[in-house]
Amino acid sequence: MIPDLPLWLAIIVSACVVIGSLLTLAGCLGLVRLNDFYLRIHAPTMGTSMGGGLILLGSAIYFTVIQERPVFHEIAIFVFMTLTTPVTLMLLARASLFRDRYEKALTEANKAEDVKIENQPTN
Amino acid sequence: MSHDILMWSITSAQVMLAAAMLATLYRMFMGPRAQDRILALDALYVVAMLQLIALGIRTANQIYFELAMLIGLLGFVGTVALAKFLMRGEVVE
Numbered sequence: 001m002i003p004d005l006p007l008w009l010a011i012i013v014s015a016c017v018v019i020g021s022l023l024t025l026a027g028c029l030g031l032v033r034l035n036d037f038y039l040r041i042h043a044p045t046m047g048t049s050m051g052g053g054l055i056l057l058g059s060a061i062y063f064t065v066i067q068e069r070p071v072f073h074e075i076a077i078f079v080f081m082t083l084t085t086p087v088t089l090m091l092l093a094r095a096s097l098f099r100d101r102y103e104k105a106l107t108e109a110n111k112a113e114d115v116k117i118e119n120q121p122t123n
Numbered sequence: 124m125s126h127d128i129l130m131w132s133i134t135s136a137q138v139m140l141a142a143a144m145l146a147t148l149y150r151m152f153m154g155p156r157a158q159d160r161i162l163a164l165d166a167l168y169v170v171a172m173l174q175l176i177a178l179g180i181r182t183a184n185q186i187y188f189e190l191a192m193l194i195g196l197l198g199f200v201g202t203v204a205l206a207k208f209l210m211r212g213e214v215v216e
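Chains as they are written, first to last, in the working numbering: chain A, 1 to 123; chain S, 124 to 216.
Among the hints, a few may not be true.
Stated by the list, open to error - Part of the chain A face toward chain S, derived, beta carbon under 8 Å:
id, residue
1, L5
2, I11
3, H73
4, T88
Note that these hints are calculated values from the structure, not bench results. Computed from a predicted model, the values in this text were never measured in an experiment. Every residue, glycine too, gets a C-beta built ideally from N, C-alpha and C.
So that you can see chain S by itself, here it is in the shape it has in the complex:
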């Protein structure tokens, strides 16, 4: 009973997070300007991290937590680097 409840809710959560990833991918490919794409990439990092944590609950395995932490750290560094690249004004169309 409780197993079924948890399985169904985690599966639906994973489906919803996958839909959220598709939404960010749409903005990343269709974004009119570079900052839209970078914003979408940042959101994609966060949603991928949540997806990994949901997978960790599903498999009752804590190794996914380490991966989620790694994604969180690298996502922050990547977004800051891309924002600094935009600030330099080298990407002006």
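Chain A extracted, bound-state conformation:
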């Protein structure tokens, strides 16, 4: 289990982990509470950038101290997350925009079809 560690380390790691998980929770609650897809797509960036960054920082400090050697693995995850999150969210937003436009065009075409049928001369 957890070895004996100095108090300052425990306080720093605890602060990082608790604040990070609070920010992640805030982002995911935003996912529930916001009521439009284009608003909701901003919410998880909070969890991935701020919350994830703080939790990974706490983990890096913790393992650096208890293993008595520099541990920088977490930076790899952080860099990967900050690079990939905008890409995935942009792809999702473009796909959603595409679907919205397609469905709007489809309903307008159906409406035009209905108008054409209504205006046909009846013998």
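Starting from the structure of chain A, add chain S where the hints point.
What follows is chain S alone, placed relative to chain A:
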């Protein structure tokens, strides 16, 4: 003393991350459209990764870090694949 501080804070962090996972699950099951569900799945991947890192701090074991990295990689690939699937327009209701 320091052990207790760390244990309590990690436990509360795990509880908060579990609540965040429940929030994303709510959006994944109730999402009105497919893109909401995919967005919630992406957030769920990220929160599961953070949950694994918190577990790694709790047990002072670095094997969980490898799992977290795997989840991060596969989550990105999965979300990109699902977004491309939506772009094709095959899932239009």
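Right, here's what the structure says about each hint:
| no. | hint | verdict |
| --- | --- | --- |
| 1 | L5 | holds, 6 Å |
| 2 | I11 | holds, 7 Å |
| 3 | H73 | holds, 6 Å |
| 4 | T88 | holds, 4 Å |
Hint check: no violations occur; every hint is consistent with the structure.
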